[in-house]
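Engineer: Using the hints provided, position chain Z relative to the given structure of chain P.
Read top to bottom, the protein sequences are chains P and Z.
Okay, so the first sequence: first residue is 379 according to our numbering, each after it adds one.
Okay, so the second sequence: first residue is 1395 according to our numbering, each after it adds one.
Hints listed in this document are in silico derivations from the structure and should not be mistaken for laboratory results.
Quantities reported herein were computed from a predicted structural model and do not represent experimental measurements.
Among the hints, a few may not be true.
[Stated by the list, open to error] Part of the chain P face toward chain Z, derived, beta carbon under 10 Å:
#1 Pro403
#2 Thr413
#3 Phe576
The beta-carbon is built from N, C-alpha and C at its ideal position, and this holds for glycine as well.
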Amino acid sequence: MRNRPSSRTPSKTTAYRRFHPGTQPAYNYPPYASTQKRCPTQPLVIAPQTLSEITGPVFGWDDVKPGDHDLTRQHRGEPIGERIVVTGRVLDENGRAVPNTLVEVWQANAAGRYPHRTDQHNAPIDPNFSGAGRTCTDAEGRYRFVTIRPGEYPWRNHYNAWRPAHIHFSLFGQAFLTRMVTQMYFPGDPLLPYDPMFTCIENEAARNRLVSVFDWESTIPEQALGYRFDIVLRGAEETPLEKMP
Amino acid sequence: MSLFATGSQTVGPYLHIGLDWLVTRDIAGKGIAGERVTVQGRLIDGEGNGVNDGLVEIWQANAAGKYAHPDDLQKKPLEKGWRGFGRIPTDAKGGFRFTTIKPGRVPAPGGGLQAPHLVVSVFMRGMLKQLATRLYFPDEAAANAQDPVLKLVPPARRATMIPRRKGKGLEWDIVLQGKNETVFLDYF
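If we strip away everything but chain P, and leave its shape as in the complex, we get (with noise of 0.2 Å):
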C-alpha cells in the first residue's frame, strides 16, 4: 500500500527523550494483579537507539476508510446510549503536530459490555454497536472520532472492582519507539481514584493528563457532547544548533 509522503519537516533524528520520571507505570504494579505473573523479573537491558527504532511502520489515510471514525455508523441501527465526539491533537514532546499517524480506538458499548468471547459481564450487547474506529492525524495533527459514551463494568482484581468510563487508544507515532497504547477517561468519573490503571501513573499532572476535558467547541447542538484528549508522544532530542535562533 502506498502512503501519503509525511509532511514534517526532515530530521536528523538521532535519539528520542527518555520518559519524565514518573510519567509511565511500571510493569511490576502490585495494585493491579494480573501484572505479578507477566512483568520482567530481570533488569532490562540498556540498548541505544538506532536505525531500527527510530524507524517505524507508516500507515496513513489509505488505510482507513471514510466511515472508519463513526462508531455510531457501524450496522443498521443507531446504537444505545449518549452520543459523544472526541477529538485532541496528537503532538510530540517538543510540542510539533504528529500528522497523518494512525489512531485505532475500542471500547465497551453504553452497558458496559464488549462484544468479545471472554467478556461475561452480565450487560446487555448492543446489536448496533461494534466498539472500533480508526482515523488518521490530519496536517496539523487533529483527530476526530464519534461514539456513545462507554459505560463502567466491574472485573476482578479486587473486591467489587469496577472500571471507570473509558476509550483505548492506540497510536504508531513517526517510529518503533513511540509506539504507544494508552486509556481516555471522562471528566468526574468517581471510580477513577479506586483504578489501578488510573493510580498506576505516579506523576499527578500526567495522571490527570488521560482525563479527558469536556469541549464546547466540539460538541454538537442537540447532537452530541464533545470531549478533548490531547495525546503526547515521545520526542526527538533537539541538538543546541536547532535551538538556536
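Structural biologist: What follows is chain Z alone, placed relative to chain P:
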C-alpha cells in the same frame, strides 16, 4: 516548548476488538525478495502458562537492509508493497506464528553493521507498557557476535533472543519470568 509523553496503559483483555483489523501474519507478500522464514512460539507467563490475550508486533528491514520509512536514507532497493510490519495476536494456548523474510543488515550507530534482526513489541493484559525485544537469527553467529545490541546482553542470556531451528522454521518463545526469561530492552 517541552511536554511530557502521555502515560502508557494496558491493552486490556479486549484488545482484539480494536486491533484485529490490522493482523498481519505474513509480513512479506508475493514479490518480496528474500529468504522466507516462519517463526512460531509461545508467549509464556510467570506460572508457565501461555498468555492467550497477548499481541506481538514486528518491525523489520527488507532483505536489502532497508526500512520502509522516510528517515532511512540508505540508497538500497525498497520493493513496492513492502512495509515490514507484523501484528500477531496469541491464540488460546499463547501460541503465535508468522512468516516473513530474513532482513538484511542495517547500519549500526557509529559505523559498521548490525546483525540481521527483527524488533519486537509485546502487549497484553496485565502489562501497563509494552515490552521491547529483538529476534536474531541462529545462522548468523559471526554477525551476532559483533552486534552492538546483543553485545550489551549478558552472554548467558543472549540465547533468549535467538530462536532454535525446528524443522524448516524457527521456534522462539517469549518468556516473561523465570529461568529462561527473555531479555527485554530498555529504550524507554
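Engineer: Each hint: holds or not?
Structural biologist: Against the structure, the hints:
Because the beta carbon of Pro403(P) sits about 4 Å from the nearest beta carbon in chain Z, less than 10 Å, this interface hint is met. Contact between Thr413(P) and chain Z, as hinted, is supported at the beta carbon level, the nearest pair being about 5 Å apart and thus within 10 Å. Satisfaction of the interface hint for Phe576(P) is found here, the shortest Cβ-Cβ separation to chain Z being roughly 9 Å, below the 10 Å cut-off.
Comparing the model with each earlier hint shows no violations; every hint is respected.
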